[in-house]
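Work out the full structure: start from the sequences and follow the hints.
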Amino acid sequence: MCETDFESEYKEKILDYELWIAKAEELLEVAGFLEPEIEKMWSEMKEGGFLKEHYITIYFMLSSYALENLLKALYIKTNYQKIEAELKESCELPKSIKNHDLWKLAKELDVVAREWGEETLLKKLSRSAVWFGRYPTPSKPKDLKRFHDSEYENTPIPFSSYMNTDLEEIRTIISRIKSKLNQNIP
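If you want my numbering, it's the position in the sequence shown, counting the first as 1, plus 83.
Rather than coming from a laboratory, the hints here were simulated on the basis of the structure. The hints are all genuine.
Capping the alpha-carbon separation at 20 Å, the derived lysine to any residue pairs in SDA-like fashion look like this: (1) Lys-96 - Leu-170; (2) Lys-190 - Lys-206; (3) Lys-178 - Tyr-158; (4) Lys-261 - Leu-102; (5) Lys-206 - Thr-248.
Put into structure tokens, the structure is as follows:
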């Protein structure tokens, strides 16, 4: 139960989906600084250059944080009363938004094409949020697994492969979420 002023402020901030959007925009702004370097890297690779994975993994990490905030903003906007009730029971981040599984949340909010390509991208982004973009190793050995089973195809999802279309696909998903956020939701 939220009783102190500090806890009231905490609750207000969780329920203010616009704060989640604002933080996402800040993260996207910073991720944007890496985009020219990544585009340059892809061009250089066509000429025999090397993959500069650190640009991509950090970009993925920042983008995953932004996507997570946008998805949580949409979840809060569409489930305001549920989140408010959860906060009354326990003044902690509600379980419904206390994870980094972008694929699961995006499916629940119906903002992704339920196909292998977007599943792959969102699962790679989730991995970047949890550890790959910021630590040299995960907290559990099993998370070093290089492939993950897909829900839609027998083709496994490769976690360590990147494509020159990833940035545009991330932008497309972000645009789709923002569009849904701009809709009037009762």
